[in-house]
Amino acid sequence: MRIPLQHLAHVRSGDKGNTSNITVIAYEPDLYPILKEQLTADAFKAFYAGMVTGTVTRYEVDKLGVLNFVAEGALGGGVSRSLSLDNYGKALSAAVLAFELEVPDRLANLLRNWRSEAA
Amino acid sequence: MSLRIGSGSAWWGDRLEPARLNAEEGDLDYLCFETMAEATISAAQVRKRRDPSFPGYDTYLDDRMQRVLPGCLRRGTKIISNQGWINPEGAAQRIVHWLREFGAPKGMKVAAVSGSLITDRVLDITDTLMEDGRPSSALAGSIVSAEAYMGAEPIVQALNEGADIVVTGRVADPSIFMAPMMKEFGWDALDHARVGHGSGIGHVLECGAQVTGGYFCDPGFKDVPDPWDLAFPIAEVESDGSAVITKVRGTGGAINLRTVKEQLFYEVHDPANYITPDVVVDFTTTDIEEIGHDRVRISNISGKPRTPTLKVSIACQEGFIGEDMFFYAGPGALRRAQLAKTILEERFRIVGLKAEDMRVDFVGLNAIHGGVSPAQQPEPYEIAVRVAARCKTREEANKVGREIDGMAVSGVGMTGKRVPHQDRAREVIGVWSSLVPREAVKPTITFYES
Chain A
1 MRIPLQHLAH VRSGDKGNTS NITVIAYEPD LYPILKEQLT ADAFKAFYAG MVTGTVTRYE
61 VDKLGVLNFV AEGALGGGVS RSLSLDNYGK ALSAAVLAFE LEVPDRLANL LRNWRSEAA
Chain B
1 MSLRIGSGSA WWGDRLEPAR LNAEEGDLDY LCFETMAEAT ISAAQVRKRR DPSFPGYDTY
61 LDDRMQRVLP GCLRRGTKII SNQGWINPEG AAQRIVHWLR EFGAPKGMKV AAVSGSLITD
121 RVLDITDTLM EDGRPSSALA GSIVSAEAYM GAEPIVQALN EGADIVVTGR VADPSIFMAP
181 MMKEFGWDAL DHARVGHGSG IGHVLECGAQ VTGGYFCDPG FKDVPDPWDL AFPIAEVESD
241 GSAVITKVRG TGGAINLRTV KEQLFYEVHD PANYITPDVV VDFTTTDIEE IGHDRVRISN
301 ISGKPRTPTL KVSIACQEGF IGEDMFFYAG PGALRRAQLA KTILEERFRI VGLKAEDMRV
361 DFVGLNAIHG GVSPAQQPEP YEIAVRVAAR CKTREEANKV GREIDGMAVS GVGMTGKRVP
421 HQDRAREVIG VWSSLVPREA VKPTITFYES
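Chains as they are written, first to last, in UniProt numbering: chain A, 1 to 119; chain B, 1 to 450.
With the rest of the complex left out, here is chain A (with noise of 0.2 angstroms):
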């Protein structure tokens, strides 16, 4: 089944100059490795293309499930010469809760806040 990211996983963003760093946290040990999987660097630049213009470098800390991903060119910038009104990018990390991922129907019961159609 497609699950939006946000019933597997938290996220908080921070900046760096122009640099955002987006983490994503799984909720529970046995989701990390489809978050890992399938929330590559690759898939995470393509998710954000339009508002990361630079590099995207993931760094993974498996033991505590959680991918940090570090992207480049995010801020208009840098926080005091962006343009943007959230010239922090204090909310960019909510934009990944969207994003999609297959998720065996065996783990619906260690989804956040999920109730299955069928259920």
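In case anyone wonders, no lab produced these hints; they're calculated from the structure. A hint or two may mislead.
Subject to a maximum C-alpha distance of 27 angstroms in a straight line, what follows is the list of computed DSS-like cross-link-like pairs (lysine-lysine) [to be verified]: (1) B:K311 <-> B:K222; (2) B:K392 <-> A:K16; (3) B:K311 <-> A:K90; (4) B:K48 <-> B:K442; (5) A:K63 <-> B:K304; (6) B:K222 <-> A:K16; (7) B:K311 <-> A:K16; (8) B:K222 <-> A:K36; (9) B:K304 <-> B:K48; (10) A:K90 <-> B:K222; (11) A:K16 <-> B:K48; (12) A:K16 <-> B:K399; (13) B:K304 <-> A:K16; (14) B:K222 <-> A:K63.
Since chain A is already given, all that's left is putting chain B on it; use the hints.
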């Protein structure tokens, strides 16, 4: 015995009451304040030039000290704070004033740590800019301020020389919170295992409520009790640098695996190499465990030897941003907003606006997520048209506000508009980074006594 370190602020505009609460009820050995953003120093320099009476330290210094000093004096809590901005000595003298007001015993020592400001010589001691590899000399003529990020060592030295309160200029955020650990546990500055662990804990504390339920709630997914009453965190630190993160009982918010994980990686790039002036922190080995209600134990953060350089922020004048907004609502709001955008673009052409960059946002549709916003959306009932342009001069930037004024009587039907009560052009201070050899930065410690 664990060492109790509490947060008093995570930035300049942070709430005041949670600091008072930590001072009164946190049973703290140390209360630490972080009050600077990247552009704080340069903004203070600009203000000082315009207004010579501006003292150059945290504009909330009085508010913060008045709230926390009574509790700190009663408990014997020491204070570490970067509220000194461009005038740590002035801040220290002001704190002495408040100590006397609150009846502190004679002879209490307040140390000012300065030396981070290197504006005059930054071009002599830096080579290239980290952002784009240009030589730092490319910034000559536009530099407002340059400051090096100092580490914990000068703070520890001040404490060793008897300081009860240490107030600094630019110091790396985690170092402010780690310095008490170095001092009290006697860690060697080059003991990267312990200093790394402690700096990781410092990083968790430096953003205050961001680990106690702030910047976190998401209804239905991540709920937090009483989110209007968040406490600032307290770390109970062991001599190896591991710690329990907690907060004063009876306050709102939450400390759990999720809040701690989010904060652990906040503003971190490579989690195995988080560079601070004191050490390189490796978060990939970390263990996090909920051991009680609002009690999370963090252990096994690793450290690697510190780098031979310190980071420098170089703030430069880069022109002005003009910005304003106006509003539409009801049936057809989006169509009116789109026509307004067309009119403005024509007007900017007619008045010859010279902008390096410009954007027109439809707030309520795609202002925040831009090109990532869904192509198909239900038409919004309300929409704000927001215009921003970056220009070389204030005169050009002012054209944005002036043309939006024109939209009041010469624009689209049913335009909602604010009275232009605020300055709609602001100065842009761009921040660049470079590295300097560690030895090029010499901290100065000055003592004042109550």
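Item to check | Hints the structure fails to honour | outcome: 1, 9 and 12
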